[in-house]
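> Protein chains in written order, with my numbering: chain B, 21 to 387; chain Y, 5 to 251.
The reader is advised that the hints may include incorrect statements.
To be verified - Derived DEER-like restraints, expressed as beta-carbon distance ranges:
id : chain 1 : residue 1 : chain 2 : residue 2 : range
1  : Y       : Q194      : B       : K279      : 28 to 38 Å
2  : B       : M191      : Y       : V78       : 26 to 36 Å
3  : B       : K279      : Y       : G36       : 23 to 33 Å
4  : B       : Q380      : Y       : K116      : 28 to 38 Å
Keep in mind that the hints were calculated from the coordinates and are not lab data. In this text, a Cβ means the ideal position worked out from N, Cα and C, and glycines have one as well.
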Amino acid sequence: MTAKTFEPISARQAPVSTEGPIAWVRINLFGDITTGLMTLIVLAGLLLVLPQFFSWAVFRAAWLPDYDACRVDGVGACWGVVAEKYRIIIFGRYPYEDQWRPLLATSVMLAMLVGSCTRAFWKAWLIPAWIVVLAFFFAVMYGGFAGLEKVETDRWGGLPLTIMLSTLSMMMAFPIAMVIALGRRSSLPAIRTACTIYVELIRGVPLISVLFMASFMFPLFMPAGVSIDVLVRVIIGITLFAAAYMAEVIRGGLQAIPKGQIEAAATLGLSYWQTQYKIVLPQALAMVVPSIMNNFISLFKDTSLVTIVSLYELTGALGLALNSDANWRPFKIEGYLFIALIYFAFCFSMSRYSIWVEKQVNKGKAR
Amino acid sequence: MAEPIIVFDKLNKWYGNNFHVLRDIDLSVAQGERIVICGPSGSGKSTLIRCINRLEEHQEGRLVVDGVELTDDVKAVDDVRKKVGMVFQQFNLFPHLTVLENLTLSPMWVGKMPKKEADAKAMAQLERVRIAEQAGKYPLQLSGGQQQRVAIARALCLTPKIMLFDEPTSALDPEMIKEVLDVMVEMADQGITMLCVTHEMGFAKAVADRVIFMDQGQIVEQNNPHDFFNNPQNERSKDFLSKILGH
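Please work from the sequences and hints to get the whole structure.
And the structure:
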């Protein structure tokens with residue numbers, strides 16, 4: 021008897037394709053009756069809304085800074101308002117002819133921010149470099165030297181103020197939050213109680229009232245003749261507020277660290293601070309990256325509340341630009357859409373960056 | 005016999021007010037002695053060895069480790085921890101550090117050793133537990149047996165006089181237990197004082213100088229392995245042995 025020869029079965033294509041755009045649409049949009057129905061409903065909704073929006077925002081829009089053209093019947097969005105007012109919206113009350121200074125200062129700070137987000141910058145010189153950048157920012161903004169006219173802080177405004185407020189408060193709130201979070205888990209009752217009171221007090225009031233107190237009530241308690249700039253007080257207020265929230269997020273991360281990690285560190289002879297610095301915090305912070313970024317994003321938008329104490333950051337500057345000008349006041353929606361776009365650009369970058377950071381810190385978990 | 009390296013003197017410990025977990029423990033361990041501690045769960049075995057490096061505090065009695073009495077004095081505790089290595093049931097490796105970084109952490113931060121020297125020392129220990137090729141990986145990328153061997157190497161990096169093992173093989177898949185026990189047997193040949201909480205009776209027979217049986221916070225019986233396994237003196241230990249050696 022002869023041995024059987026091996027006859028390989030030739031490869032065939034899968035009967036139903038699962039790759040490519042057509043397959044994607046079939047699987048994800050019309051997978052079964054319910055999904056198919058939902059897809060159709062959503063499509064119908066979009067068809068109802070989108071054409072009108074685009075007709076208003078693009079096809080019937082007036083693009084030139086001419087408010088008479090905007091008032092003609094049938095004209096849609098009036099983007100001329102942005103073209104006309106963008107300098108005030110972006111820079112607030114900062115003296116018109118000196119607006120190159122906030123532009124320069126903010127560009128340098130933004131460049132430093134973007135740099136700091138990359139691995140190459142995570143070195144010991146990052147902190148002194150930031151001190152230099154911040155000093156540069158304040159010097160250029162404030163002036164009073166080398167022929168630069170002095171510009172008091174109450175005239176600072178717009179996007180530079182938004183960026184500076186959020187950057188500074190984030191950078192200061194983060195270390196404070198770490199200390200508070202560790203303090204709430206301290207074995208010393210006095211420290212634990214103090215940290216708990218801090219968190220509960222600050223969380224118990226709205227940011228607006230913190231700002232209000234920082235701006236109007238705080239000076240009443242200062243000795244006569246001593247005054248701290250309102251901008252500084254507001255920065256401290258936002259920082260303390262953000263730190264309380266962030267501390268709770270970090271504490272959540274700390275609690276997720278197994279006790280065995282701390283015991284292992286103890287048996288290796290590590291001190292309390294060494295254990296926190298090398299073992300606990302790196303793991304705890306890695307776990308809460310998405311929540312911390314959540315805090316940062318909401319902090320960035322919360323800076324718009326400083327308008328209440330007469331600091332005109334981006335949102336406040338928009339009001340400033342339009343409220344005082346009867347010709348352009350009717351076109352607030354367009355103005356708000358413009359600054360919404362700016363806010364979105366920043367927040368979206370932050371959330372994308374957060375995803376990258378998560379990947380970086382979770383390397384040990386990759387199998 | 006030389007001066008004992010560990011002495012428990014009428015040691016008592018409670019969890020809270022009512023749970024009397026260690027009762028009148030008297031025990032002295034000679035330098036280089038290898039002790040296996042067994043007993044039912046909840047009998048206080050782990051608590052007993054965790055007192056030695058003060059992961060647990062006792063309320064009554066004295067505990068002296070290599071001439072240092074363990075008290076609230078932080079310096080004494082630091083002193084003792086430098087001499088005592090510990091291996092846990094759950095390994096407790098640091099997942100965010102590589103294997104090599106796990107080993108060099110303590111020599112560099114506590115012992116102030118330069119990185120190069122610490123690396124060399126760590127690699128030597130990894131060779132010893134036959135896992136040097138995994139030095140650059142993260143703990144979670146290794147099997148359980150490999151992780152436990154890394155944990156042993158990490159403890160050895162302190163050059164400890166005493167090694168504590170808290171059920172080192174209980175969390176392992178059966179086919180990985182042997183590779184860990186092999187490493188421990190080799191260590192036993194090198195004169196280090198070992199206290200090991202385990203139910204691996206084969207290991208106890210092979211390396212232990214003394215087997216201690218605990219129940220309800222007390223030392224019920226202690227003897228050399230041969231006599232303990234073949235001729236237990238106490239009803240309670242007889243019963244326990246018949247259950248774990250039953251099949």
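> For each hint, tell me whether it holds in the structure or not.
Hints versus structure:
Between Q194/Y and K279/B the beta carbons are some 31 Å apart, a value that agrees with the proposed interval 28 to 38 Å. Distance hint for M191/B and V78/Y: a CB-CB separation of about 34 Å, consistent with the stated range 26 to 36 Å. For the pair K279/B and G36/Y, the supplied restraint of 23 to 33 Å holds, since their beta-carbon distance comes to about 32 Å. In this structure, Q380/B and K116/Y meet the distance hint of 28 to 38 Å, their C-beta atoms being roughly 29 Å apart.
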